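Visitor: Letter by letter, the chains look like this.
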Amino acid sequence: MKLGIISVAHMHAYSYANAIGKLAGVQLVGVADEDEARGKEAAEKWGVPFYHDYRELLAADVDAVIITSENAKHHEHTVAAAKAGKHILCEKPLATTLAAAQEMIEICREQGVILQTAFPVRFHPAVVRAKQLVEQGKVGRIMAIRGTNRGQNPGGWFVDPAKSGGGAVIDHTVHVVDLMRWFMGVEVREVYAEVDSKFSPTPIDDCGILTMEFENGVFATLDCSWSRNKTFPVWGDVTMEIIGTEGTISLDAFSQKLDVYSNDKGLKWVNWGDDMDSQLVSDFVASVREKKAPSVTGEDGMRAVEVALAAYQSAESKQPVVIR
Amino acid sequence: MHHVLVIGAGTMGTVHAKSYAAMKNVELVGIVDLRGERGRELAAETNTQWFASYDEAMEKLERVDIIDVCLPTYLHKTYVQKAADAGKHVICEKPLARSKEEAQSIVDYCHEKNVKLFVGHVLRFFPEYEKSRQLVNDGTIGNVGVARTFRGGIFPTAWNDWYADYKNSGGLVLDMIIHDFDFLRWCFGDVERVYAKSLLGRGFARIDYALVTLRFKSGMIAHVEGSWAHEGFSMKMELAGSEGIIQYDSAKEKPLIAVNRAKQAGMGGVAVPESPLRENPYFRELKHFIDCIENDLQPRVTVEDAVKAVEIARAALESIETGKPVTLV
Chain A
1 MKLGIISVAH
11 MHAYSYANAI
21 GKLAGVQLVG
31 VADEDEARGK
41 EAAEKWGVPF
51 YHDYRELLAA
61 DVDAVIITSE
71 NAKHHEHTVA
81 AAKAGKHILC
91 EKPLATTLAA
101 AQEMIEICRE
111 QGVILQTAFP
121 VRFHPAVVRA
131 KQLVEQGKVG
141 RIMAIRGTNR
151 GQNPGGWFVD
161 PAKSGGGAVI
171 DHTVHVVDLM
181 RWFMGVEVRE
191 VYAEVDSKFS
201 PTPIDDCGIL
211 TMEFENGVFA
221 TLDCSWSRNK
231 TFPVWGDVTM
241 EIIGTEGTIS
251 LDAFSQKLDV
261 YSNDKGLKWV
271 NWGDDMDSQL
281 VSDFVASVRE
291 KKAPSVTGED
301 GMRAVEVALA
311 AYQSAESKQP
321 VVIR
Chain B
1 MHHVLVIGAG
11 TMGTVHAKSY
21 AAMKNVELVG
31 IVDLRGERGR
41 ELAAETNTQW
51 FASYDEAMEK
61 LERVDIIDVC
71 LPTYLHKTYV
81 QKAADAGKHV
91 ICEKPLARSK
101 EEAQSIVDYC
111 HEKNVKLFVG
121 HVLRFFPEYE
131 KSRQLVNDGT
141 IGNVGVARTF
151 RGGIFPTAWN
161 DWYADYKNSG
171 GLVLDMIIHD
181 FDFLRWCFGD
191 VERVYAKSLL
201 GRGFARIDYA
211 LVTLRFKSGM
221 IAHVEGSWAH
231 EGFSMKMELA
241 GSEGIIQYDS
251 AKEKPLIAVN
261 RAKQAGMGGV
271 AVPESPLREN
281 PYFRELKHFI
291 DCIENDLQPR
301 VTVEDAVKAV
311 EIARAALESI
321 ETGKPVTLV
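The listed protein sequences correspond, in order, to chains A and B.
The numbering of the first sequence is full-length UniProt numbering, which starts it at 1 and goes up by one.
The numbering of the second sequence is full-length UniProt numbering, which starts it at 1 and goes up by one.
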């Protein structure tokens, strides 16, 4: 199978390329990027042809593409790839507007190509195990969930709303909202959020606390702040505290780590857990090969974006926003 | 020598009585509790006398200077007023009252009767919290953008199961995480807006869990988590600032752990962790209040602070009930 990468704007392009390299029978055949320096550097590193125009990559002999462009360009790239008959693994957030997400999903359906949203956290073994425990009824009925997905401010285009669609809220709401939806199989009904700009030199939303009500009567909060500073031992976190009638589950996805104290960097965490990005790519490749529905759909990506957009709306109006 | 009468021999009354018993400038003159067995036991332990009622104690005791009210919240008003009527200074457990109005009326009453009133927001005397505030004030982590706290354990069991009666206790939000509301206000000033969710009214008995978002006038955002749905008490705090982060987790900071070797194969030994200090936070708090009485000083926790803490908790409860954010005036 031949895979291409459209844009290396998002740093995950590197770990996805790395994952492709480890898979048998799968080949990375090219990378496209409108930023020549950025794209060429990646192409050289991976030893693949560079295309200045993604349309040239789509015209080449490629079965599927990974789209790791700036959030606002996911729509254009997905639509073009779908029309060229390529299967798509698209970086999260799926889109910056609901209309764009909807259109991406529809075109992929019409063209008969797979659209998978890149939610790698679903493939983390501790997350998979937590879902299993929930399904086995270990905590009884879920009553509430407390989540965090904090990180460092990634800077660059992430802090340019025209390219990113927003800051921490759109960047860091989607992963854990996706997990909550996935664990319970229900949608978010209502969102309230306090959002602000507190850590960055640029005026972009970099902290937020979302409160959600789900259709099944479960309430949850999520801290999506870019509140990790330079010297914090790790770039970010994914945590969930699940409160059930029979017990609780505490999930800390980055807790398989060594504490490393170097004279250079002080304390840093070095992860020894499984690589989720590899699992994500391998799952996508399997779906393409077996021509089956993707395990994480475009719809999943859209539902998570919907919550982030509702959070912005709530922060603006200082009132809860009803989604459904 | 300050003559102190402790009313209530529950969890907090026990901690307070033991603290007074260890103070050189205090004479613990009695323990009041309607449960004779519990009252006698604590009185024996702290080398004082037990009284079955407040009136009996006041009648029989030659001298009382300070009355420490460690009763269920709904009884605070009655007993603080009785103490004030008798012209005694009062130390009262938190929360001061079930509503802002009730709290204010207690404050006004003590003011009229010209007695001092102190409220036991003891978190301000926990050295880890005190030190965190100091670091923030010193600018160690820059401007704090997001604060997160956790406080929780199992559903509390007490006399008459009064915690389970929401009207009398205010539940988890008024009784437990009011500690964090007060601490955050101490560090970051007044709260502007409150939004909260909890299990209240969702049909679950003897279990509670609350997630509260506070927006401070300074713009800071705080997330306060409270639980009566966990096993084993713990408290956590994180202050994330523009220049750094402070984290604390009581479950991780245990300088001492004693473990009994399992006597039977397959049975785990029980680990008992401790974090000993020369003076525990309750002792430090009460010593400070006594010092304020002795030297006519402004306490670290003022009566206004106590009223404001109740106001925030009440706003959270209102938000839980209405599903709307509540703006404080």
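No wet-lab data here; the hints were simulated from the structure.
A few of these clues could be false.
Stated by the list, open to error - Dumping the calculated DSS-like pairs for lysine-lysine here, alpha-carbon to alpha-carbon at most 25 Å: (1) B:116 x B:236; (2) A:230 x A:292; (3) A:230 x A:265; (4) A:230 x B:236; (5) A:230 x B:308; (6) B:131 x B:100; (7) A:257 x B:254; (8) B:236 x A:257; (9) B:252 x A:265; (10) B:308 x A:318; (11) B:100 x A:230; (12) A:131 x A:318; (13) B:254 x B:308; (14) B:252 x A:268; (15) B:252 x A:257; (16) A:163 x A:73; (17) A:318 x B:324; (18) A:268 x B:287; (19) B:217 x A:318; (20) B:82 x A:268; (21) A:138 x A:83.
Since the model is a prediction, treat every value here as computed from it, not as a measurement.
Visitor: Decide, hint by hint, whether the structure agrees.
Guide: These are the hints, each one checked on the structure:
1. B:116 x B:236: violated, 32 Å
2. A:230 x A:292: violated, 42 Å
3. A:230 x A:265: holds, 10 Å
4. A:230 x B:236: holds, 22 Å
5. A:230 x B:308: With a Cα-Cα distance of about 36 Å, the restraint between residue 230 of chain A and residue 308 of chain B is violated, given a limit of 25 Å.
6. B:131 x B:100: The given pair, whose Cα atoms are some 29 Å apart, is violated under the 25 Å limit.
7. A:257 x B:254: holds, 21 Å
8. B:236 x A:257: holds, 21 Å
9. B:252 x A:265: Cα-Cα ~23 Å, so holds.
10. B:308 x A:318: holds, 22 Å
11. B:100 x A:230: Given pair residue 100 of chain B, residue 230 of chain A is violated - Cα atoms ~42 Å apart, limit 25 Å.
12. A:131 x A:318: violated, 33 Å
13. B:254 x B:308: violated, 33 Å
14. B:252 x A:268: Roughly 18 Å between the alpha carbons, so the hint for residue 252 of chain B and residue 268 of chain A holds.
15. B:252 x A:257: holds, 16 Å
16. A:163 x A:73: This hinted pair holds, its Cα atoms lying about 7 Å apart.
17. A:318 x B:324: holds, 9 Å
18. A:268 x B:287: violated, 42 Å
19. B:217 x A:318: holds, 14 Å
20. B:82 x A:268: violated, 58 Å
21. A:138 x A:83: Violated, at roughly 45 Å.
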